[in-house]
Each structure stands twice: as structure tokens, then as C-alpha cells.
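**Q** Residues per chain are reported as follows:
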Amino acid sequence: MMELSGKLKHLFVSRQWVFLVLVMVIISIFTGAVNPRFLTIRNLTNLLSQVAVIGLLACGATILIISGEIDISAGANVGLTACIAAILMRSGMSSPLAALLGILVAIVCSTLIGVGCIIFRAPSFIISLASISVFKGVALALTSGTLQMIMGRMEYLGSGTVLGFIPIIFMITLLGYVATHAILSYTKLGRHVYAIGDNPRAAFLAGINIARNKIAFFALNGFFVGLAAILLLARVGAAQPTTGSGMELQAIGAVVIGGTPMTGGKGNVVGTFFGVLLWGLIANALNMLGISPFWQEATMGSLIIVAVAITSLRALAEKSLLA
Amino acid sequence: MEPMQPILETRGLCKRFGFVEAVKNVDWQIYPGQVTALLGDNGAGKSTLIKLISGAYQADAGEIWVRGQQARIKGPVDAFNLGIAPVYQNLELVENRNVMLNMFLGNELTHGPLGIFLDKKRMADQSSQVLQDIHSRIPDVRVPVAKLSGGQRQVVAVGRALVRGGDIIILDEPTAALGVEQTREVLRLIETLRANGKTVILISHNLSQVLEVADWISVMFHGEMVGTRAKDQVSRADVVSMIMGTKADDLAMA
Numbered sequence: 001m002m003e004l005s006g007k008l009k010h011l012f013v014s015r016q017w018v019f020l021v022l023v024m025v026i027i028s029i030f031t032g033a034v035n036p037r038f039l040t041i042r043n044l045t046n047l048l049s050q051v052a053v054i055g056l057l058a059c060g061a062t063i064l065i066i067s068g069e070i071d072i073s074a075g076a077n078v079g080l081t082a083c084i085a086a087i088l089m090r091s092g093m094s095s096p097l098a099a100l101l102g103i104l105v106a107i108v109c110s111t112l113i114g115v116g117c118i119i120f121r122a123p124s125f126i127i128s129l130a131s132i133s134v135f136k137g138v139a140l141a142l143t144s145g146t147l148q149m150i151m152g153r154m155e156y157l158g159s160g161t162v163l164g165f166i167p168i169i170f171m172i173t174l175l176g177y178v179a180t181h182a183i184l185s186y187t188k189l190g191r192h193v194y195a196i197g198d199n200p201r202a203a204f205l206a207g208i209n210i211a212r213n214k215i216a217f218f219a220l221n222g223f224f225v226g227l228a229a230i231l232l233l234a235r236v237g238a239a240q241p242t243t244g245s246g247m248e249l250q251a252i253g254a255v256v257i258g259g260t261p262m263t264g265g266k267g268n269v270v271g272t273f274f275g276v277l278l279w280g281l282i283a284n285a286l287n288m289l290g291i292s293p294f295w296q297e298a299t300m301g302s303l304i305i306v307a308v309a310i311t312s313l314r315a316l317a318e319k320s321l322l323a
Numbered sequence: 001m002e003p004m005q006p007i008l009e010t011r012g013l014c015k016r017f018g019f020v021e022a023v024k025n026v027d028w029q030i031y032p033g034q035v036t037a038l039l040g041d042n043g044a045g046k047s048t049l050i051k052l053i054s055g056a057y058q059a060d061a062g063e064i065w066v067r068g069q070q071a072r073i074k075g076p077v078d079a080f081n082l083g084i085a086p087v088y089q090n091l092e093l094v095e096n097r098n099v100m101l102n103m104f105l106g107n108e109l110t111h112g113p114l115g116i117f118l119d120k121k122r123m124a125d126q127s128s129q130v131l132q133d134i135h136s137r138i139p140d141v142r143v144p145v146a147k148l149s150g151g152q153r154q155v156v157a158v159g160r161a162l163v164r165g166g167d168i169i170i171l172d173e174p175t176a177a178l179g180v181e182q183t184r185e186v187l188r189l190i191e192t193l194r195a196n197g198k199t200v201i202l203i204s205h206n207l208s209q210v211l212e213v214a215d216w217i218s219v220m221f222h223g224e225m226v227g228t229r230a231k232d233q234v235s236r237a238d239v240v241s242m243i244m245g246t247k248a249d250d251l252a253m254a
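Line by line, the protein sequences give chains A and B.
Number 79 in this note's numbering belongs to position 79 of the first sequence; there are no gaps in the numbering.
Number 208 in this note's numbering belongs to position 208 of the second sequence; there are no gaps in the numbering.
Read the hints as simulated data drawn from the structure, not as lab findings.
One-sided excerpt, in silico: chain B residues whose CB lies under 7 Å from chain A: (1) 76; (2) 80; (3) 92; (4) 94; (5) 105; (6) 108; (7) 110; (8) 116; (9) 117; (10) 118.
If we take Cβ atoms under 10 Å as the criterion, some of the chain A residues that face chain B in the derived model are: (11) 188; (12) 191; (13) 192; (14) 194; (15) 198; (16) 202; (17) 206.
Only a predicted model underlies this, so the values are computations on that prediction, with no experimental measurement involved.
Don't be surprised by glycine CBs; every beta carbon is placed ideally from N, CA and C.
All chains, please: the whole structure from these sequences, using the hints.
**A** Next comes the structure, spelled out in C-alpha cells:
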């Protein structure tokens, strides 16, 4: 019996996602009891398509945060990318080609942040903070601040489902998670993400090219940002310079809720996945419970604080369990 | 003791930091399969000299010769490729990663298309083998380094040097932070390395340990190489005075 409880304790301490799933089940039961509409397939479909975009941003954010970096311009990059893709589509370019070019723009933008950090030896927080204005400004200049509607192009992507209830965009996000997990766990690049985030000096002295690796991390982040922008454009059907603003904070919040500490070197994308789901679930449940949008916003913010508290308590528990 | 060819040699090596001459015109020979201890007071230039040899710093002047050929060491990787493997004082391990991945850090084995996937099995096998060769008592290469003792960490860091194919192992103060039993362990490790035909450079403050394991004793003082002596040809007092800089001139004549 002692051993069983010890094992259970270990499971909870070492895997944040087990804890997150438990919280999700409790919230679902409670919300379902108050509002039966919560437990319908239709609401599930809705929820999954709501988390798809944030989910992809959180993939990139997980990689960067584990490597000790951060990109707080991801939301602005989404806006710029969505606007450029929309403008290209409106000019008559085929949707897939426009989407591809849009993703390329996002990769270039994110990579430039990485290059800036290396050349100026500046923290990525500052460089990406400054980049928010640059991306927003360029998007405003390109669109003259107007809404860019794409008139039903990519609707098959934005509202299509698999098996009748899983949104296609959620399936794409899921693929993004599988890819991120594979990169982090099974590739050399992924190991370098952890090594550089944990101890950059050790990584350098072991012969790892830090600059080249960092640029690769930012390029990967850019790919996820670009893909997220295209999914958002497909789902909403229009873009403007403010599209996506604030999303980076939700994504970073989901990463932290998923148990990846901001200090780098630790964490995994499985936790992030459940962090994103929990985030979406709570937003959805608050809606279903008829809570005012103002209080919803406050609740979501508090949630991050709770998650940070749990993460640091968990680190303490882990230490005492190992000792 | 002259006939032996040095495996590693520096000729007129210099490095300055601003106005400080950290390493002054150092000529130094390291012989294969032997343990050479590098002694000196704090700030004598030991660490700088080692960093020049292992590619962490670039020399301002002078040459490094490895196995009779002049070497161009522009970075840590060049040194690794020449078989020079430093183990730094703070070990430079990645705490949250396991023993195996630390041993292969920066040198990961891969397979699959374009070699993008990690070959964890081959890394596990090779790292276990290396640890066995040095009689380590680390039971599992999948244990995170954070869970290991100070002595075991030293073993992992040395293991990394061996996995790299290093045959000139540089140990920077390997026992500085260790207890009595763990210090024994590291001294045994040094003897095992020599028995396996490795060349060892040992930087240390601890004279008793040095006299116990070293074949050669080199002393630096204020950035200069005071001299290198065979262990059985010096007394403890000689070495101490070399370190302190007294009688250094007399000794150089001897």
C-alpha cells in the first residue's frame, strides 16, 4: 500500500499532465452538471478549433523556452503573416501558394529575432518586444489598417472536420505536437535545445555551435507561428494588423501551465499540449457557466499564477522525493 | 628520460588579457601514457594554459604541436579531433539530462535519413562500455546527472572525454570539491586511465595527491613555466619552493 501511494505520488510529481487531466475531468463534470450543453459533441468541436491556433504557437514557445529564449512577438508575427497571406490571396494568388509564402514570412521574421539576439548579444525578450512594433507597423502599412477579407477561400480548412467532429485545423495542430515531440526527444537538435537551455557554457565547451542552433530554434518557432497564422486566417476568414495580438501570452501561459519552467533546460511538449487543452477548456467552461467576459479574463490570468505556483511546488516535491 | 617523443608540446605560447600576461612564452612537453601534474598558485596561469591547449582560448603567439605535428586549434572541436579532451573544474555537465546524453553532448550518435534521429541504443551501449572500462560504479546510464554524487559526476565528465576518443585527458582540479572517499575514487580513476594507455594532465593544488599519482611535475609561476621534473627526482620541499617562486632560478639551473 505504501509503495502504491509512493508510486502515485511519483506519477503526479514527475508528470504534470496527469495532474492537468485530473483538473480537466473535474471541471468538465462540474460544468456539465450546470450546463448540459457543455458535454455535447458540437461544443467539443468548437473547443478543439478554439485551441488549435494557440496550440501551434505554444509548440514554438515550448522549444524556445526550454532553450532559454522567448519570443513575445509571436502574436504580432501572426497578424503580419495573416495580413500578407490575405493580401496575396485577394490579389488572385492561389491559396496554398499564398499560405506557403505567409509561413515563409513568419519564419524569416522569427529567424531575424534570433539573429538579432546573437549579433547584438541581447536577450530575446528585448529584441522580440521591439519586433512587436515593427511587425505591427509593417502590417498597418501594407493594409492601411483595413480588414482583409478572403471571401471563403480556405473554408474547407477552416471549418472542415474529420470523422464529423474533429476539426481539420485541430488535426494539423496535433501533427505539430507529434513533430515537436519527435524533434525534442529523438533528434540531435532537440537534445541541443535542452543542453543550451540548461547550461550554455557546457554546450559551447562540448563543441556545440550555439549561434547556429539558436537560429534553428527561432526558425522552427517561426514555422509554427506561420502555420498558426494560416489556420487562424482560414478559421476567421479575414485578417487585420491586430489579428493575433495577445496570443503569445496565452501560448506562453499554456507552456508554463504544462510544467515547463521559464528558466529553461527542462520541460516537454506533452505538458504544453494539456496546458493548451486546459486553457481552452476553462475559457469554454466559463462561457458555458455564463460568467461575464471581464471576470473570464481575470480568471485566466489568475490561472497562470496558480500554474506557476504548482510548478515551483512540484520542483520542491521532486527534490524531497529524490532525496 | 630523454628518448621519449612528447605527444603534446607547446612552444613559446603566450596569452594576455589586457595588461595581464596570463601565459608567458611557455614551452612545455607532455609525454604519452604518463600522468603530468601541473602545479602553481592561484593566478599562476594553469587554467589559461589548459584553455589554450583545449581550444577555449586562442593564443596570441606560439605554437602547439601534437604527435610531432603543428596543430591548429581554433575551437573546442579542433582539440577534440586531435584527441585532446579537457574535463573542466565545474565539469560542465547538463544537470537535467542523463549520463549517456551528457557523455555524448555535442557528439550525439544518430541514424536514419540524414542522420536526424538519435541512436539512443548505440549511445547507451558505448557509454556503458566506457564506464565499465574505467571501473565506474554508476549502475545506469539513463540516470539524470542531477542525482549523482560529486565523484560520479567526475566520472561522467571523464567518460565524455573518453567517448570523444580523447587520449590526452586534461583534469582541472578534479578533487577540489570532493570528500575523502570520492577523492580516492578519482585518484584510482587517474591510475586506471594511465593503465589504459591514456595521457593525463592533472591540474591540482594538492601536493600529496600529485606526488601519489603523477609521473611528471610541472610548475607555473606568474604565467611562466618554472620547470618540469620527474617525480622521483624532486622532493616535496623542492616543489613547494618552485610554486612559491623562491629558488626557482636555482632549480632551473639544476
